[in-house]
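Asks: Following the hints, put chain B in place on chain A, whose structure we already have.
Residues per chain are reported as follows:
2 protein chains.
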Amino acid sequence: MKNELAVSSFFPFWEKMEQRHRDLIENRTNRLELSPGRIIGGDDKSCLGLLLVISGRLKAFILSNQGREVSLYRLFERDICLFTASCTMNNMNFEIQFEVEKKTSVYQIPPDVVEEIQSESVEMAQYVVNLMTSRFSEVMWTIEQILFKSLDARLAAALIEQQAIDESDELIITHDMLAKQMGSAREVVTRTLNYLKSEGLVEIGRGKIKILDYNALYDIANRD
Amino acid sequence: MKNELAVSSFFPFWEKMEQRHRDLIENRTNRLELSPGRIIGGDDKSCLGLLLVISGRLKAFILSNQGREVSLYRLFERDICLFTASCTMNNMNFEIQFEVEKKTSVYQIPPDVVEEIQSESVEMAQYVVNLMTSRFSEVMWTIEQILFKSLDARLAAALIEQQAIDESDELIITHDMLAKQMGSAREVVTRTLNYLKSEGLVEIGRGKIKILDYNALYDIANRD
Chain A
1 MKNELAVSSF FPFWEKMEQR HRDLIENRTN RLELSPGRII GGDDKSCLGL
51 LLVISGRLKA FILSNQGREV SLYRLFERDI CLFTASCTMN NMNFEIQFEV
101 EKKTSVYQIP PDVVEEIQSE SVEMAQYVVN LMTSRFSEVM WTIEQILFKS
151 LDARLAAALI EQQAIDESDE LIITHDMLAK QMGSAREVVT RTLNYLKSEG
201 LVEIGRGKIK ILDYNALYDI ANRD
Chain B
1 MKNELAVSSF FPFWEKMEQR HRDLIENRTN RLELSPGRII GGDDKSCLGL
51 LLVISGRLKA FILSNQGREV SLYRLFERDI CLFTASCTMN NMNFEIQFEV
101 EKKTSVYQIP PDVVEEIQSE SVEMAQYVVN LMTSRFSEVM WTIEQILFKS
151 LDARLAAALI EQQAIDESDE LIITHDMLAK QMGSAREVVT RTLNYLKSEG
201 LVEIGRGKIK ILDYNALYDI ANRD
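Protein sequences appear in the order of chains A and B. No gaps in the numbering here: position 216 of the first sequence is 216 in this note's numbering, and each next residue is one more. No gaps in the numbering here: position 160 of the second sequence is 160 in this note's numbering, and each next residue is one more.
You can trust all of the hints, since none of them are fake.
Which copy? The list can't say, so a pair holds if one copy fits it or any two copies do.
Computed cross-link-like contacts, SDA-like style, restricted to lysine to any residue with a CA-CA straight-line distance of at most 20 Å:
no., residue 1, residue 2
1, 180, 146
2, 16, 122
3, 59, 144
4, 180, 141
5, 16, 123
6, 180, 140
7, 103, 36
8, 59, 140
9, 180, 162
10, 16, 115
Keep in mind that the hints were calculated from the coordinates and are not lab data.
Same shape as in the complex, but just chain A:
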């Protein structure tokens, strides 16, 4: 049997928690298997509560009324998905959706359990503050990229990120996926990719892009 993350390992203050809170989490937590392509949030208005990612990958994104999508951040193993517990948050009037990008296993702590513990445990409430600050930071980073960075820097950053995710220089990705990643339009991505290709930094194939000069891309991505 594979050695798997325990629910307790997601909470650094587990030992400090009251026994009844630990019991509540252990008795009420479900395990869910999420299939690739599934969208959480949006039309599916159910509030799942906290999702603790055991393995797999989720992408957080926002969607315009016209269906334009912008990726905000990704959640990997050991991350906690906070905004699936949005029903437990006062004052929250925005909607982040999640796409299951590959087969994902999560622990699901239902919203009423989250609410109860958060209203009684200062450690849990603090932990939520920290989680929210992390997500806020990730969103701000993305926004600053979109608002302030030149197109080639954003595209280079998106390619580098994809390289890290795929752990390969041969990226299986479409121009449309890159556009969502960058918060831009497909045509703009194609144009900018052609520029990077003309500089000898990438090779463009059907549904894939090969990175030829990682260091040069890295420099472009991190240019002011």
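Replies: Then chain B, alone, in the frame of chain A:
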């Protein structure tokens, strides 16, 4: 003497707080008068703690390395400025700055006091979660405007917001200020303003804009 907001009125759970926390706040809170034009954050790296706005107006914004500014939200009387206490937050790696837009009086609760109470009081920790959710919501709203709305809708929304702030149809505002407000460039604002003018919705003067048809602007701003 003018009847002024008390520190306690900023905390809906004041009565539930422990006496020593109330004492700590009352003994350690300062009152600051902030002059228009002052920038808080940025080069001035001091961490002021929580600022409770008694009167006046602060504008939250981000700044690119090239000096491009994008307004995120505004804080008015009774609002709490959370991100001036960023040194108390783990995981926070973005920088929001504040501009004092008009003479502003605040209560300042120093960061060590914030940290101490937040680590002991579940009500305070919860309150910070709520504050952060509110700010997150405001930032997401702004971002969605910038990413998803057409230029004329964004400009109409900025004019309507300014009308509410000034409480007048005669807005004292430059194209540059509107550009920051919209997260766009001055030239783009000028072009879009000329379009609204050609439609008979606004009149453009030097350093001012007069709203001629509020309802039409409102419709444009709220169009999908």
